[in-house]
Amino acid sequence: MCLAIPALVAKRLEGDDALIDLGGVRKQISLALVPEAVEGDYVIVHVGYAISRLDPEAARKTLALFAEVDALQGATP
Amino acid sequence: MKFVDEFRDGGLARALAGKIERAVEPGRRYRFMEFCGGHTHAISRYGVTELLPESVTMVHGPGCPVCVLPIGRIDNALALALEQGVTVCTYADTMRVPASGRTSLMKARAAGADIRMIYSAADALRIARENPAKDVVFFAIGFETTTPPTALAILEAERESLANFSVFCNHLLTPAAISSILESPQVRGIGTVPLDGFVGPAHVSCVIGSAPYEYFAAEYAKPVVIAGFEPLDVMQAVLMLVKQVNEGRSEVENEFVRAVTREGNAKAKALVAEVFTLRRSFEWRGLGEVPYSALRIKPRYGRFDAEQRYGIVYRSVADNKACECGAILRGAKSPRDCKLFGTVCTPENPMGSCMVSSEGACAAWYTYGRFRDREAA
Amino acid sequence: MSGAVRKDYVRPIDFKGGRVDMSHGSGGRAMAQLIEELFVAQFDNDWLRQLNDQACFAVPTGRMVMATDSHVVSPLFFPGGDIGCLSVHGTINDVAMSGARPLYLSATFILEEGFPLADLKRIVESMAAASREARVPIVTGDTKVVEKGKGDGVFITTTGVGIVPEGVEISGDRARPGDKVLVSGTLGDHGVAIMSFRENLEFETTIRSDTAALHGLVADMVKAVAGIRCLRDPTRGGLAATLNEFAGQSGVGIHIREDDVPVRPEVHAACEFLGLDPLYVANEGKLVAICAASDAERLLGAMRAHPLGRQAAIIGEVVEDPYRFVQLETGFGGSRMVDWLAGEQLPRIC
Chain A
0 MCLAIPALVA KRLEGDDALI DLGGVRKQIS LALVPEAVEG DYVIVHVGYA
50 ISRLDPEAAR KTLALFAEVD ALQGATP
Chain B
0 MKFVDEFRDG GLARALAGKI ERAVEPGRRY RFMEFCGGHT HAISRYGVTE
50 LLPESVTMVH GPGCPVCVLP IGRIDNALAL ALEQGVTVCT YADTMRVPAS
100 GRTSLMKARA AGADIRMIYS AADALRIARE NPAKDVVFFA IGFETTTPPT
150 ALAILEAERE SLANFSVFCN HLLTPAAISS ILESPQVRGI GTVPLDGFVG
200 PAHVSCVIGS APYEYFAAEY AKPVVIAGFE PLDVMQAVLM LVKQVNEGRS
250 EVENEFVRAV TREGNAKAKA LVAEVFTLRR SFEWRGLGEV PYSALRIKPR
300 YGRFDAEQRY GIVYRSVADN KACECGAILR GAKSPRDCKL FGTVCTPENP
350 MGSCMVSSEG ACAAWYTYGR FRDREAA
Chain C
0 MSGAVRKDYV RPIDFKGGRV DMSHGSGGRA MAQLIEELFV AQFDNDWLRQ
50 LNDQACFAVP TGRMVMATDS HVVSPLFFPG GDIGCLSVHG TINDVAMSGA
100 RPLYLSATFI LEEGFPLADL KRIVESMAAA SREARVPIVT GDTKVVEKGK
150 GDGVFITTTG VGIVPEGVEI SGDRARPGDK VLVSGTLGDH GVAIMSFREN
200 LEFETTIRSD TAALHGLVAD MVKAVAGIRC LRDPTRGGLA ATLNEFAGQS
250 GVGIHIREDD VPVRPEVHAA CEFLGLDPLY VANEGKLVAI CAASDAERLL
300 GAMRAHPLGR QAAIIGEVVE DPYRFVQLET GFGGSRMVDW LAGEQLPRIC
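Top line first, the protein sequences correspond to chains A, B and C. Residue 0 is where the first sequence starts when you use numbering that gives the first Met the number 0, and the numbers rise one by one after that. Residue 0 is where the second sequence starts when you use numbering that gives the first Met the number 0, and the numbers rise one by one after that. Residue 0 is where the third sequence starts when you use numbering that gives the first Met the number 0, and the numbers rise one by one after that.
Hints were generated in silico from the structure; no laboratory data involved. Fair warning: there could be bad hints in the mix.
Below, simulated EDC-like cross-link-like pairs (lysine to aspartate or glutamate); rule was C-alpha separation at most 16 Å, straight line [to be verified]:
#1 A/K60 / A/E35
#2 B/K266 / A/D15
#3 B/K242 / A/D69
Sequences and hints are given; from them, build the entire structure.
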């Protein structure tokens with residue numbers, strides 16, 4: 000289930016609230032479930048709450064994995 | 000959009016498609032169930048099916064909480080609004096689900112019931128605060144991703160001593176549903192529906208972690224690959240599943256490493272454990288009674304439990320006899336096997352759970368894929 | 000004229016703090032005063048100044064086109080526009096989509112008792128400005144008032160008439176296999192601008208409604224390619240509805256490419272947030288055109304030369320298909336259908 004999107008923590012507000020930015024669209028959400036997130040972090044947001052922090056290094060590795068040449072493939076197109 | 004667009008890249012899709020093509024063993028068929036409705040949606044919306052080899056079939060599982068919400072529970076929510084004058088706050092997904100008596104939350108609102116569409120549990124709290132004279136009930140649905148926000152709302156309501164707020168809890172558990180499928184006669188006993196592996200849910204796993212799936216992988220000897228939400232994630236997960244099957248492995252692998260850890264979100268899990276406890280059994284539309292598959296509010300927070308507060312009595316409502324949702328949800332049949340599909344049962348007039356939300360197997364096929372029937376004809 | 004205290008009236012209308020009441024629709028003095036001090040003053044033309052119940056005008060010879068539209072938008076005021084200019088643009092566009100030059104408009108108002116006159120004045124001023132800019136006068140109208148609770152503040156219906164030039168035959172049933180499909184610019188702006196204001200879905204964005212009168216653009220397009228087959232503005236239901244309408248009316252299929260459909264990045268992002276598909280989101284200042292393949296480049300050039308068509312693009316083609324499906328080639332590489340919208344597009348959590 001679930002529509003969730005990765006968004007940038009643009010600004011921490013009062014308490015657990017924060018302003019996130021996705022492609023220029025900003026919305027106020029709660030960081031109550033990921034209180035350690037700081038400005039500049041990316042979080043996964045679902046129904047107005049961040050549920051997880053995104054690890055940019057892991058994301059890079061995953062993308063690299065997609066592009067990896069396998070033994071039979073030869074050069075990537 | 001960072002961390003979104005890169006995971007939808009067409010060039011990488013082609014590369015992955017090539018890898019999967021080369022990985023599948025000739026003469027072998029692979030059937031994988033993507034449990035999560037979000038994955039069903041991604042597959043349909045991006046046309047992933049076309050990029051997979053013919054020998055790989057994706058089976059759509061019951062991971063759509065709207066689809067599996069029984070009619071009887073919607074009837075309960077409607078009764079609160081219509082008979083008890085309660086302000087019912089709901090996520091938009093439930094508005095159009097047909098309830099008994101040819102009505103729905105949408106129709107009830109048109110008839111004057113105070114039903115509000117909200118984006119977040121926090122909105123329901125706000126509505127309760129702003130309307131102290133009205134009783135406000137938050138119609139809470141969803142799997143483990145959506146449950147922690149409800150827990151937070153209840154704890155906040157307690158802190159504020161909000162007297163007019165309560166929650167009608169319909170939260171479900173993913174592992175129980177997977178068990179139910181794997182235990183069903185078609186899969187375990189008779190073996191008529193071979194399922195070779197699972198694409199594990201993305202965001203549920205952010206919360207519960209990858210550990211809970213280790214039980215299935217071991218007990219039922221089926222590989223599970225937790226996949227991110229984007230189409231490239233799904234394709235990579237398929238590749239990883241194919242490799243596991245070829246190598247005779249049945250492990251839990253995590254493709255969604257950028258957001259999922261083995262332990263998940265400890266804070267979220269603790270909050271849920273604080274507020275909720277297991278129901279012994281709960282009816283899932285299409286699957287029947289499933290043990291230990293749903294949550295209810297603990298007695299300690301009983302005054303925020305709408306079921307207690309309003310004495311809600313659940314009455315099961317059967318689906319149309321010709322509806323094949325049960326079999327479709329288990330992967331035993333496909334939408335086109337159902338007599339009602341596309342004739343009586345359409346997205347405008349859904350007869351069963353699989354057509355009710357855009358992520359149900361039937362709705363997804365009807366909306367995004369039925370043009371392929373023309374090619375097959 | 001507005002604000003003057005006349006001998007036969009008690010006092011000028013209080014546009015700052017006053018509200019609509021039942022007397023404004025009763026046909027009596029209050030209604031006459033409202034008409035004169037607001038509508039006639041703002042729309043300001045000879046027909047209205049005559050204060051008749053109808054407007055009389057000569058029509059150039061040719062085929063006449065008439066179109067009508069009701070406007071029930073909520074919220075009434077949104078980034079980039081309001082219900083007033085929307086109602087003017089909407090009907091001008093409906094007339095223009097036949098290739099016609101719009102000539103005159105009528106406007107009727109159903110007002111809810113209690114509606115603030117300040118808001119009404121703001122709406123009417125906006126309509127007047129839109130009408131002046133488009134050079135299409137509002138020559139007649141009507142006002143009614145309904146009891147509190149029976150309306151959504153204000154409902155506006157506008158009707159327009161125009162003349163179609165000789166040799167222009169534009170209709171939704173004229174698409175043929177091989178034709179090209181074009182759009183005049185970015186899609187989804189209006190619907191997202193509206194949603195940014197709705198209760199419970201607030202977010203800060205720079206997205207503004209694209210509401211605009213398209214008759215100037217259409218005139219340039221028809222001059223460049225007289226044989227345009229189909230034109231329509233994709234309002235409710237978005238591009239998806241319009242393409243399905245054309246496919247159904249013409250008995251053909253349509254194939255489009257997702258990567259070629261212009262959508263602003265912020266609109267993409269907002270749709271991501273809400274689980275919406277930009278193809279289904281309303282537009283109020285864009286059009287979809289179908290023309291013969293050999294005319295496509297020339298038509299595109301004419302569109303891009305106009306301020307309202309700078310981001311025009313060719314997005315696909317018409318194909319043979321007895322099932323009349325609209326198919327999309329996703330940026331990802333697969334393909335899927337673009338079906339009719341089932342019910343209303345609601346934001347989802349799932």
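| query | Which of the listed hints are not met by the structure? | reply | 1
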